[in-house]
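J.: Residue numbers (the working numbering), protein chains in the order written: chain A, 34 to 287; chain B, 176 to 506.
For the record, the hints were derived by calculation from the structure and aren't laboratory data. Treat the hints with care, as some may be off.
Cross-link-like lysine-lysine pairs, in silico, DSBU-like; alpha carbons within 35 Å at most [what the hints assert, rightly or not]:
#, chain 1, residue 1, chain 2, residue 2
1, B, Lys498, A, Lys100
2, B, Lys370, A, Lys105
3, A, Lys161, B, Lys498
4, A, Lys224, A, Lys199
5, A, Lys105, A, Lys161
So the derived label-pair ranges between C-beta atoms look like this [to be verified]:
#, chain 1, residue 1, chain 2, residue 2, range
6, B, Leu494, A, Ser227, 50 to 56 Å
7, A, Arg174, B, Val295, 32 to 38 Å
8, B, Phe433, A, Ser181, 37 to 43 Å
9, A, Gly146, B, Arg181, 34 to 40 Å
10, B, Leu188, A, Ala164, 26 to 32 Å
11, B, Leu313, A, Gly277, 50 to 56 Å
12, B, Leu272, A, Ser172, 54 to 60 Å
13, A, Arg216, B, Arg504, 31 to 37 Å
The beta carbon of each residue, even a glycine, is placed where N, CA and C say it ideally should be.
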Amino acid sequence: MSEPLLVLDNVTKNYGAIRALRGISFSIARGEVVALLGDNGAGKSTLVKIIAGGLEPTSGRMLFEGKEFLAKTPAEAKAAGIETVYQDLSLCTNVDVVANFFMGREITRKVLGVPVLDERAMESVVAKALANAGTRIPSLRTKVEHLSGGQRQAIELNRFVHWGGKLVLLDEPFAALGVEQTRRGLDMIRKVASQGIGVVIITHIMQQAFQVADRIVVIRQGVVAGDVARNKTSPDAVINMITGETLAGAGPAG
Amino acid sequence: MSPRTRHSLELVLDNLVWFMLVFVLAVFSTLIPNFFQLGIFANIVEASSVLGVMSIGLALVIIAGHMDLSVESVAALSAMAVGIMFCSSGIGLGLQLHPDWLMVPVSLAVALAVGALIGVINGFLIVRLRMSAFIITLASYIWVRGLVLVVSGGRSAQDLAPAIRWFGIQRLVGLPLTAWIAVGCFVVFSLILAKTPFGRHLVMIGGNETATFRAGIRVNRNLIIAFVLAGAIAGLAGWLLAIRTSGATANLGVGLLFNAFAAVVIGGVSLKGGVGTLPGVYAGVLLLSAINTAINLMALPANFTQVIHGLLVLAAVLLDAFKQTIRQRLA
Numbered sequence: 034m035s036e037p038l039l040v041l042d043n044v045t046k047n048y049g050a051i052r053a054l055r056g057i058s059f060s061i062a063r064g065e066v067v068a069l070l071g072d073n074g075a076g077k078s079t080l081v082k083i084i085a086g087g088l089e090p091t092s093g094r095m096l097f098e099g100k101e102f103l104a105k106t107p108a109e110a111k112a113a114g115i116e117t118v119y120q121d122l123s124l125c126t127n128v129d130v131v132a133n134f135f136m137g138r139e140i141t142r143k144v145l146g147v148p149v150l151d152e153r154a155m156e157s158v159v160a161k162a163l164a165n166a167g168t169r170i171p172s173l174r175t176k177v178e179h180l181s182g183g184q185r186q187a188i189e190l191n192r193f194v195h196w197g198g199k200l201v202l203l204d205e206p207f208a209a210l211g212v213e214q215t216r217r218g219l220d221m222i223r224k225v226a227s228q229g230i231g232v233v234i235i236t237h238i239m240q241q242a243f244q245v246a247d248r249i250v251v252i253r254q255g256v257v258a259g260d261v262a263r264n265k266t267s268p269d270a271v272i273n274m275i276t277g278e279t280l281a282g283a284g285p286a287g
Numbered sequence: 176m177s178p179r180t181r182h183s184l185e186l187v188l189d190n191l192v193w194f195m196l197v198f199v200l201a202v203f204s205t206l207i208p209n210f211f212q213l214g215i216f217a218n219i220v221e222a223s224s225v226l227g228v229m230s231i232g233l234a235l236v237i238i239a240g241h242m243d244l245s246v247e248s249v250a251a252l253s254a255m256a257v258g259i260m261f262c263s264s265g266i267g268l269g270l271q272l273h274p275d276w277l278m279v280p281v282s283l284a285v286a287l288a289v290g291a292l293i294g295v296i297n298g299f300l301i302v303r304l305r306m307s308a309f310i311i312t313l314a315s316y317i318w319v320r321g322l323v324l325v326v327s328g329g330r331s332a333q334d335l336a337p338a339i340r341w342f343g344i345q346r347l348v349g350l351p352l353t354a355w356i357a358v359g360c361f362v363v364f365s366l367i368l369a370k371t372p373f374g375r376h377l378v379m380i381g382g383n384e385t386a387t388f389r390a391g392i393r394v395n396r397n398l399i400i401a402f403v404l405a406g407a408i409a410g411l412a413g414w415l416l417a418i419r420t421s422g423a424t425a426n427l428g429v430g431l432l433f434n435a436f437a438a439v440v441i442g443g444v445s446l447k448g449g450v451g452t453l454p455g456v457y458a459g460v461l462l463l464s465a466i467n468t469a470i471n472l473m474a475l476p477a478n479f480t481q482v483i484h485g486l487l488v489l490a491a492v493l494l495d496a497f498k499q500t501i502r503q504r505l506a
């Protein structure tokens with residue numbers, strides 16, 4: 034395998050006396066889907082926030098594309114090519130679908146030297162992106178507050194698929210989705226990965242992890258309790274790693 | 176419900192305050208003798224210029240999810256600064272510049288700079304030090320008014336330089352230039368809020384600040400700009416106020432803040448942030464001004480205005496809740 038896309042080297046995070054992350058080390062290759070599993074409070078969301086910029090690690094280092102990397106803000110992570118879909122949705126419900134899709138990256142044209150939103154261009158891009166993904170939303174000009182939970186999550190997912198980047202972090206992306214939409218979401222992830230984009234997906238649902246991931250990383254009490262290729266382990270073994278009953282099957286992949 | 180009816184219903188809900196304005200004007204025109212004439216309508220627009228300009232700045236920060244209680248005092252300080260420099264009697268220094276017209280840009284720059292400076296202080300404390308906008312701008316509301324008292328010694332400045340006064344006297348299509356400045360401000364800032372990325376970002380920050388931060392929008396920078404704009408716009412309101420009263424007194428503009436809040440709320444801006452448009456705010460301003468004019472025409476005691484304004488704010492809030500229920504049915 035070529036050089037890894039992202040390497041985490043002994044990353045820790047303390048909140049006062051509480052050690053949320055006690056030294057996390059693992060890596061993701063281009064085009065690889067890594068499922069991050071762990072019990073509630075294991076530190077998964079903390080880890081995502083550190084990679085996505087918004088939370089600084091207490092110690093340890095990260096390498097992104099072989100270079101030392103630390104994003105102080107989500108804007109820096111985005112600029113580096115890291116897209117994130119958060120557990121609590123990151124949508125502004127007071128504006129329409131198009132505005133949310135382009136949040137912070139609006140298409141503009143200059144009128145008398147002033148940047149002006151190009152609504153028509155943005156709307157057609159969104160229409161195309163949603164149609165490709167098979168998501169149906171009655172009107173792209175509807176404010177998001179009038180949409181269902183599933184539709185909102187679909188917007189977020191389509192947003193990351195559209196913008197792509199180099200690495201995508203998904204924090205429980207399918208929590209509000211129906212069966213069919215989840216299947217489509219998993220297909221989307223495979224499609225994104227086949228373009229050479231690294232994907233980290235956090236999930237609670239073992240079945241989803243085994244459906245989509247190349248590799249499964251288990252975090253327990255702030256450390257990596259297991260890092261195995263999907264085809265070399267079983268759901269039962271992974272559950273044991275999560276609960277800490279045994280360490281069978283643990284150890285680096287391959 | 177067909178998309179067409181739904182669309183037109185949305186349109187009515189979005190512009191409810193304009194329909195209210197038309198309705199109120201129609202009622203006044205039929206019931207109050209002498210109300211229906213161009214002069215009266217021009218007077219409504221004219222009388223609302225200072226309040227209108229001040230409401231723009233207030234609306235911007237409220238839409239961005241914050242609050243600025245200091246706009247009234249900032250306007251007073253800007254007016255006092257202009258008054259002291261360019262008035263010839265009272266505490267005015269009677270500063271003369273040649274040619275005369277040079278006093279216009281200089282006085283305007285002074286007013287805007289005073290406002291922007293206080294906006295910077297507010298914005299810095301609120302955004303960088305993460306303090307509550309309500310408390311910080313309440314403090315500014317008090318200390319800036321105190322500053323007005325200090326620099327004026329409680330006295331007033333009269334007889335503003337004629338070159339500046341010209342803006343309040345010279346008329347264009349029946350309206351003084353000061354009124355056109357207010358209308359122009361509404362047009363410009365409405366376009367900024369609705370059509371530019373900066374305006375879109377302010378609305379989204381008001382809706383969900385965390386989401387905009389995660390999306391890589393520079394939230395702090397945008398918010399500080401909003402506070403500086405609110406300050407500078409309040410400074411402009413102060414400049415207009417100085418022209419209107421041909422000087423400045425220590426208690427100039429007292430009570431404007433509450434009228435500005437009333438106009439903003441009546442105009443459909445939610446105090447929760449993220450909701451509202453500037454044309455709506457302008458309709459709110461005109462509505463208040465129309466009611467004042469009607470009270471004057473009917474020769475009611477002026478004290479009634481405050482009661483009516485209060486009831487109007489109450490009605491606006493109730494109406495807003497009612498609109499929410501209708502919208503939920505629509506969706």
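J.: Now, for every hint given, state plainly whether the structure supports it.
T.: Against the structure, the hints come out as follows:
1. B:Lys498 to A:Lys100: It is violated: about 53 Å lies between the C-alpha atoms, which goes past 35 Å.
2. B:Lys370 to A:Lys105: holds (30 Å)
3. A:Lys161 to B:Lys498: holds (33 Å)
4. A:Lys224 to A:Lys199: holds (13 Å)
5. A:Lys105 to A:Lys161: holds (33 Å)
6. B:Leu494 to A:Ser227: 50 to 56 Å: Holds - the Cβ-Cβ distance for B:Leu494 and A:Ser227, about 53 Å, lies within 50 to 56 Å.
7. A:Arg174 to B:Val295: 32 to 38 Å: Check passed, 37 Å falls within 32 to 38 Å.
8. B:Phe433 to A:Ser181: 37 to 43 Å: Holds - the Cβ-Cβ distance for B:Phe433 and A:Ser181, about 40 Å, lies within 37 to 43 Å.
9. A:Gly146 to B:Arg181: 34 to 40 Å: holds (38 Å)
10. B:Leu188 to A:Ala164: 26 to 32 Å: With Cβ atoms ~29 Å apart, the hint holds.
11. B:Leu313 to A:Gly277: 50 to 56 Å: holds (53 Å)
12. B:Leu272 to A:Ser172: 54 to 60 Å: Given a distance of about 57 Å, which is inside 54 to 60 Å, the answer is holds.
13. A:Arg216 to B:Arg504: 31 to 37 Å: Between A:Arg216 and B:Arg504, where Cβ atoms are some 33 Å apart, the hint holds.
The structure is inconsistent with hint 1 alone, although it conforms to all the rest.
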